[in-house]
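Q: Residue numbers (the numbering used here), protein chains in the order written: chain D, 1 to 378; chain F, 379 to 502.
These are calculated hints, taken from the structure and not from any lab test. Wrong hints could be hidden among the right ones.
[Claimed, not checked] Heads up, simulated DSSO-like pairs for lysine-lysine below, C-alpha to C-alpha not over 30 Å straight-line:
(1) D/Lys375 - F/Lys489
(2) D/Lys373 - F/Lys490
(3) D/Lys296 - F/Lys490
(4) D/Lys204 - D/Lys296
(5) D/Lys163 - D/Lys42
(6) D/Lys375 - F/Lys422
(7) D/Lys163 - D/Lys88
(8) F/Lys453 - D/Lys296
[Claimed, not checked] Negatives, chain D to chain F, calculated, CB over 12 Å:
(9) Glu216
(10) Tyr267
(11) Val298
(12) Ser300
(13) Asp301
(14) Gln316
Virtual Cβ for every residue (Gly too), placed ideally from N, Cα, C.
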Amino acid sequence: MYYFDSAATTKVDRDVGKLLGDLFANSFGNASSSHRLGEATKAEFAKAKEEIANCLGCGTGSIIFTSGATESNNTAVANIAGLAGPGKKRVIVSPIEHPSILEPLRHYEKLGAIDLDFLRVGQDCVVSVEELESKMGEDVAAVVVMAVNNETGAIQPVEEISKTCRQNGVAFHCDFVQGFGKIKFSPENYNFASFSAHKVYGPKGIGMLYVKNPEEFKPLMFGGGQQGGFRCGTEPVELIRALALTVTSLYRESEANNQYIKMLRGYMLDKLSDCPEVESNLPQGGVPHILNISVKGVRSDALALVFYQNDIMLSQGSACSSNHEEKSLSPVLLAMGLPEEKIRSSFRISFSKTNTIRDIEFVVDTIKNAVNKYKVSR
Amino acid sequence: MYCERVISEFENPFHMEILSDCTHVVESTNSGCGDEARIYIVCKSNVIENIGFQAFGCASCLAATSFLCRTVFGKDIKEVAEITREVFEDAFRDLEPAQRHCIDMAEALIKKIVELKIGADAQI
């Protein structure tokens, strides 16, 4: 298997997998129980939370464990809708956000709680801070911009966005899922920030929401008062302990991992440089682990079968739809202004620390052979 | 995800090439999916003596166009006119709903090949 879809999910670290196995086999306490097992579980929960807070550079009170980034983003958006009120309903958002941001935002807009005001992105897939500044006003309740785009790897100017938000007294939510371990997280910049474990070699089903001002936080989940009432539901302490190990490993290894992945990406681009049909959709900037390319003259959903047959796993930029009117094109690439033909020929290669030079060579050879065989002269 | 027919036609496409000596060219597009197929035909005495194609589309589009070329190769135009949609429906019966547009495209291409006879008697 040649796995190049780490922006979708990553293989769980061996140590994390081993810990999870041990915990699921031997540990089952409920942190809310008052007996000895419950107390021990509660202590493990607190220890895990402290380890994570130390990595993020925030207090433990600012961390809420969730089922993953979708819940984190939904919770943050619900809080943003709660911040809005008469005369302060506008939420400024980038058009390249993940659906777990855009869909709840559209939901609250339909309910009349907020009004959405979209920023533009350039061909570099980056929002303009100048445009954000020009949109600021008394009626703005919040700004929502992700740290790193999941399709192109484009890094957003979150420091400057945060500065603009603070100057204008506006809340800032940042989906930090693809930026975690890739770019620096400075908690003071954000009112809310979302994280997921399974994008950084941890398990699925666990994520976090960073909340700058927990005293103002409004929960989405109600019940037995777990996590101080901020997120009710029995704490999955096994997953949370695995998350703590994931995060501490990530912080310890991220610099080395990023250097290695940068080398892999550079090697792939170098090997593809003699194939003029291949073009990067983000020639400059961006995190190293995401590479979005288009192959002139070949549709990505034709290449998808080549990859399928060769056991190569990556994401294509467009797919056929049973609805003939529905074009099913990437909204992110459309927002960048890419022509339809280029979007239909695009796919995302996302690297991880488990990829090797041999993997890269196989994928490059497969792409080149497919281009030679299937490209259409136009 | 992929039916056997799509895989076999995609991996071993029938005459996936431009024919510089073609007498006719037919094209079909699907604006929704963005599929485009172009068929190059060498037709003499009402017989398709050679055929080639290029397709900018998904794997099922390439496969259906290849299957079409394989099916009509060597046939008289009258025989081509007798090829119905059912031939493609049967060959690609395992396609998922999102992939079935390739059958529409193949049917459209067959019609265009047959219509060539009407509009270009001098050549066919």
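Q: Would the least Cβ to Cβ distance between D/Tyr267 and chain F come out above 12 Å?
A: The claim stands: D/Tyr267 keeps its Cβ more than 12 Å from every Cβ of chain F (closest is about 28 Å).
Q: Given the hinted pair D/Lys375 and F/Lys422, is their Cα-Cα distance within 30 Å?
A: holds, 29 Å
Q: Quick check for students: does the CB of D/Val298 sit more than 12 Å from each CB in chain F?
A: violated, 8 Å
Q: Between the alpha carbons of D/Lys375 and F/Lys489, is the straight-line distance 30 Å or under?
A: holds, 26 Å
Q: Starting from F/Lys453, check that the Cα of D/Lys296 is at most 30 Å away, please.
A: Violated - the C-alpha atoms of D/Lys296 and F/Lys453 are around 34 Å apart, more than 30 Å.
Q: Please verify that the nearest CB of chain F lies beyond 12 Å from D/Ser300's CB.
A: violated, 9 Å
Q: Hinted pair, alpha-carbon criterion (30 Å max): D/Lys163, D/Lys42. Please report holds or violated.
A: Violated, at roughly 38 Å.
Q: Given the proposed pairing of D/Lys296 with F/Lys490, does the C-alpha separation stay at or below 30 Å?
A: Holds, at about 27 Å.
Q: Can we trust that D/Glu216 is non-interface, i.e. its beta-carbon lies farther than 12 Å from all of chain F?
A: holds, 45 Å
Q: Has the given pair, D/Lys163 with D/Lys88, been kept, meaning a C-alpha gap of at most 30 Å?
A: The given pair, whose Cα atoms are some 20 Å apart, holds under the 30 Å limit.
Q: Within a Cα-Cα threshold of 30 Å, do D/Lys373 and F/Lys490 meet the stated pairing?
A: holds, 26 Å
Q: Does D/Asp301 really sit off the interface, with its C-beta more than 12 Å from all C-beta atoms of chain F?
A: Non-interface label on D/Asp301 violated, nearest chain F Cβ at 4 Å vs cutoff 12 Å.
When each numbered hint is compared with the structure, violations occur for hints 4, 5, 8, 11, 12, 13, 14.
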